[in-house]
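Asker: With chain A fixed as given, assemble chains B and C onto it according to the hints.
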Amino acid sequence: MSKMNLTLKIWRQASANAPGAMETYPLADVSEHMSFLEMLDVLNEKLIKEGKEPVEFDYDCREGICGTCGLVINGVAHGPRKLTATCQLHMREFKNGDTITIEPWRANAFPVIKDLVVDRTAFDRIVAKGGYVSVNTGSARDANETPIGKEDADKAFDAATCISCGACVAACPNASASLFVSAKVSQYTYLPQGHPERERRVLKMVSQMDDEGFGNCSNHGECEAVCPKGISIQNIAIMRREYVKAALKTGSAIV
Amino acid sequence: MTISNLKEGADLKGVQPDGPLAQKWDSYKAKAKVVNPANKRKYTVLVIGTGLAGASAAASLAELGYKVKAFCIQDSPRRAHSIAAQGGINAAKNYQNDGDSIWRLFYDTIKGGDYRSRESNVHRLAQVSVSIIDQCVAQGVPFARDYGGLLSNRSFGGSLVSRTFYARGQTGQQLLLGAYGAMMRQVDAGKVELLTHREMLDLVTVDGQAKGVIIRNLKTGEMESYAGDAVLLCTGGYGNVYYLSTNAMNSNVTAAWRCHRRGAYFANPCFTQIHPTCIPVSGDYQSKLTLMSESLRNDGRVWVPKTQELAARVRKGEVKPSDIAEEDRDYYLERRYPTFGNLVPRDVASRNAKYVCDEGRGVGESGLAVYLDFAEAINRLGMSVVKDRYDNLFEMYERITGENPYHTPMRIFPAVHYTMGGLWVDYNLMTTVPGLYALGEANFSDHGANRLGASALMQGLADGYFVIPYTIGDYLAGAKPVDIKDTDSAPFREARAGIEAQVQKLMNVKGTKTVTEFHRELGLKMWDYVGMSRSEAGLKQILTEIPKLREEFWQNVRIPGTENGWNKNLEFALRVADFLELGELMARDALVREESCGGHFREEYQTEDGEALRNDEKYAYAAAWEFTGNPSEPVLHKEQLEFENVQLAQRSYK
Amino acid sequence: MQQAEKETAKPGPLASVLSIFNTTIGQKIITGLTGLGLVGFLVGHLAGNLTLFAGSEAFNSYAHKLESLGFILYAVELGLLAVFVFHIVFAISVTSHNKSARKSKYVDSRSAGKPSRKSISSQTMIYTGIILGLFTIIHVWMFKFGPGMAAGYHTDLHGLPARDLYRLVVEKFKNPWIMGSYSAVMLLLGVHVRHGFWSAFQSLGAYHPRYTPLIYTLGILIAVLFAIGFLALPVYIFFAPLTA
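Chains as they are written, first to last, in my numbering: chain A, 1 to 255; chain B, 1 to 654; chain C, 1 to 244.
Next comes chain A alone, as it looks inside the complex (with noise of 0.2 Å):
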């Protein structure tokens, strides 16, 4: 098993007001086999013995559902690994004498709470203009009374997959958060179930997303190379059809 020596620079924050500034710390005899939060585990654990503060990062599931994790690693949001949450990036990506950098997500929308952790519950105020299906417990229909052809189930899946990580925002030069809204919205547009209040949808999560701050989508399409769930930006063109069909439809943007 090959043990790494590695220098890490990581933002230290105290708090959403405070300035911040990159800290070099020396990490010695990192495994191949850690896990990068791992790693940082480690490092936290030395600091504490040490007498000093532990680098604070957010994670929960460690397994690249829950979405909780999210770290720009040498200046890509998730690091080097495609398809893979900071969760689940391995050591043996890096290599001995690496020096590694290590940033929150950053966007205004995304306040730092400490160091490395940041604020998503913009996501959450977004999601609560519509990324649903209103229907109240009870009132459904049996689950096979609307044929849903596979094809567009898949693709309705594909959408579904977003963890909500806000790697999207973190990379894109615009901060924007197109690609987690407009998975959403795809979602319910591949499905019947979506139908019945599409236009609402559409032009009140876009208004939201507005208003908490995020950018505007610039096509440049980084956020799709860094998620997770490869979510296309696909979606993100299905987004603003359904926003100029429901703008026109509606003759306004507010509803």
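Source of the hints: derived by calculation from the structure; they are not laboratory data. Virtual Cβ for every residue (Gly too), placed ideally from N, Cα, C. Hints are supplied without guarantee of correctness; some may be wrong.
Said to hold, decoys possible - Derived CB-CB ranges, DEER-like:
hint	chain 1	residue 1	chain 2	residue 2	range
1	A	D142	C	Y127	55 to 61 Å
2	A	D142	C	G133	56 to 62 Å
3	A	D142	B	A537	52 to 58 Å
4	B	G360	A	P111	52 to 58 Å
5	C	I120	A	R200	48 to 54 Å
6	C	V89	A	E23	30 to 36 Å
7	A	D142	B	G99	15 to 21 Å
8	A	K52	B	D323	44 to 50 Å
9	C	A206	A	K49	35 to 41 Å
Claimed, not checked - Facing chain A, from chain C, some residues (calculated, C-beta under 8 Å):
hint	residue
10	P11
11	I88
12	V89
13	I92
14	S96
15	R102
16	S104
17	Y207
18	R210
19	P213
20	L225
Answerer: Positioned in the frame of chain A, the structure of chains B and C alone reads:
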């Protein structure tokens, strides 16, 4: 009785509605009190946790008109660990025309749980399973479908019928997003107030009834008080008492345990499910274990080298697994269980993996792993078929281990996955504290001593969507609504002061060992003594060790930073403090239950073939433990389980 | 709660419709539409320019034909002006919004590679755009509103008097500074269109896993064509033994 100081209290009764089994739920609903629609908004329900159970309950209650406050420890309610469930959700739809029915699902669940669950609850679960699928599909959950556009099913976890609905390997995620969406809709409507980054640290009772909670704001460190007419605990399981498990890092027992300390009985804590197919531990730094879907056992063959010597050479890397001749391999599951082979239930598969590793025949650097080999499947089915079925799983395995399972056998080992135990609840899902309910994995649930695959999602959603909306009305109807602004009365002040003092005390220890070190130490002990296989001697041993570790924790833990603001180590310290009490209760429960059943295997109680030996005469009860002030002296209350509709039988997978 | 607020402040019909152009997506759609319009215009412009290679008569009669359209030309020019203005105004609005969405900058920022389409072109749209906008003003001032017949740029087309635009063009491009800067700007036009073309389709919601890669490649082709096509003229004039 083997423990001399066991105290027993009065038996418990789980409110049984009238009538024959199949009509109990209808008869309950017909008689349950209902809150007047105009009055519903006067009642506030505090929902703790926003996984499948919490989110579905919050949404459904808000739709009915109740005021709901929903709390979660994550930054978003959608991150609750329900999201990680891979396999699927069971429902007795019988869409496949293969003979499924509500009765069959009920029966499979009771039998799978090794006859340690309540008939009436389980039957209700099977009944409402049908509506869950309808509800989820209406919400736009993208379940797998056939080309004709209808829902597709698979058979799961050794079930004889295809009743599992699934959304690729991300069923939990899709179901949770459905429930989360439904809840967010109510947030927008102003009926649910969402409070994220909040951890419940105490239950406030007034005249013995649950009337509020004390919450720590994880962002600011402040203590907050909330008053309500009922509290719903939807906080999941406690598998993280083992330190390593497939649970999320933040999954914990704290909210449930604090309720236990306030009078809610904790039932069957020793019933834990160990999942056989997880990626093995690779080193001390390991922080969690990753589950590989059970479906792998459909085509993978489990084996270890036949001899210790050969296994030792494999561990040193002198021999590659693919170079080991067929006659030097021991396909131990196929050998011992010719009928079920590699598809034996989870507990059997897990225990056998432990045995072969204990014999010194384990593989991998640590010797704590067995092979799951696809070479034969690739030969038989062809590469493309295997790829089609398992590619995403193989890819995940490769991402984590750096090894390619198409070329070299996977290494797997069991890991703690689900806890069947939890707060004791009656038919209403109410705990022994009036007004305090427990839903989903947080209650001692409908799974008895062992949960079947694809049943956890079903239970979480059943409780939230279809049970609690009916049962809570029965309690609230006629009750005087609380003044939610009144959080300064004595019970609130005292509870708050108690928690603040606890935090202060922890911060002031300033010892030398980190929270993680204590947690890891506890976890190892739990795994060794209260894990896959338990013995009287081992349990007695750990019962002396845990109190010592707990004492050391309170004298020597080191928590960096301050209690103000974000401090992950403090969050964990508060949780580990509770795990250190729960662990002892689990060991005591395991010691008292002198039989083997489901997830609880006592070495002293096994058949000649090494299978679990139940003792229905003495132990067909749910063990509900009452907290007495001293974690080492709980009082046992028994709920005798009455089986009027099923015949108790020994499980056999030979 | 939010709904109630919005209902009380219901905007009038005009404000309602205009609100569409106030959102990020609305603005982006306008930018894309006008961008494609400008690409169309440039195709025509380039075709016109190429008549210069056929000699002074061909070029001047092309210019003359355009001018003799009279009212129609004014209408088209006005439309074109509007397209330019909308394209510029919305692009600036979108970009300034985007630039302000991330106040705290990354210390280290890199592209994640494919399937990202981020490029020098995509990141410099606003700069290449501003330069092209300024260029357009100078360009129109230099030629359209440059010296006409009264100033002696006079020629005969089949017996009819016409402006000798050919001479003006040749004179200007014989100047190495003008030739050089024109050529540089035409390269920037290529850079702008390289991202702009496919991006406009994407902004309008036209994405297809099969067609989009083709559109993307077509965008690169058009960009190269525009750059070479528009460059060819000043370079040719500068180096060829032409006389006004």
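Asker: Which of the listed hints are not met by the structure?
Answerer: Violated hints (numbers, rising): 5, 6, 9, 11, 12, 13, 14, 18, 19, 20; every other hint is consistent with the structure.
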